[in-house]
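> For reference, the chains in residue letters:
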Amino acid sequence: MTSDSLVKDVQERKGGAIVVLAGEIDYNQSHKLLVTLNEVVEKRPTRLVIDLADVEHMDSSGLGTLVKIFQQVNAYKGKMALVAMNDRVRNALEITRLDQFFAIHQTVDEAFEA
Amino acid sequence: MTQESDQSGSRAVDLSILSDPKNLGVVRAAAEKMARQEGFAPSDVDGIVLAIDEALANVMKHGYEGRKDRDIHIRLEALPGNQGRLGLQVTLRDRGRQVDPTCIKGRDLKDVRPGGLGVHIIQTVMDHVEYRCLEEGGMQLRMVKYVRDPAETTS
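Protein chains in written order, with the numbering used here: chain A, 1 to 114; chain B, 1 to 155.
Using 20 Å as the maximum straight-line C-alpha spacing, the simulated SDA-like pairs for lysine to any residue come out as follows:
1. K33/B - A12/B
2. K22/B - V35/A
3. K61/B - I17/B
4. K110/B - V67/A
Partial list, computed: chain A residues near chain B (C-beta under 7 Å):
5. E24
6. D26
7. Y27
8. N28
9. S60
10. G64
11. V67
12. R88
13. N91
14. I95
15. T96
16. R97
17. F101
Hints listed in this document are in silico derivations from the structure and should not be mistaken for laboratory results. Just so you know, even glycine gets a beta-carbon here, dropped at the ideal spot from N, CA and C.
The following block holds chain A by itself, in its conformation from the complex (with noise of 0.2 Å):
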């Protein structure tokens, strides 16, 4: 997976946006995530849907970043959430006690229903 791939799409619905991430995201890809999700959080979606469907694996730069995100858009009364992820992912977010902390659901329609 190069680091391109990282950002596999994204999709405007109803005034939010979809981000659908993709490979591993780690130190050496968590900057680039950062400046994508800026791009797009600037744009003021009232609701950040972010697909981990294809995200292999995830470490604490990248859920700093997610961190980050959510804070921003949290200041402008925006909603995010994180939709499909993986074992491994999940993993990570239960460890940092993130899981918490984030909206979460199976499926993009989910997230935007809630």
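Position chain B against the provided structure of chain A, taking the given hints into account.
Okay, now just chain B, sitting in the frame of chain A:
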């Protein structure tokens, strides 16, 4: 990469990498393969891989302050179980900035903010974690994870 084994059945893999973050994935792949071979449950394999990843990122970020051309040595050593529990011992050695081992602590997770999660992850996942300043310079981190009994895994 070098591999060796002794008469007790202990097996070790040595990896020497430069402190370029692009190398993190290579070490993760080797650690995952070895942890699976040693019989760890999938969630423990994920945890071990994450802990090693965090430890290496800390060396690159803090020990070498982002320089990408410094040496890091990683030893993955299967604990044979004939004198104790089966497990995996991971030893990282660098020549970077030394830090008082007593100052290396995880932070309070109630304070939700970016950064500072790596040490918490390492200490949560691994059964034994020991930092040491090396006489010749640099730091050594020794981490051990034991294979859990099936009863422990399901409880």
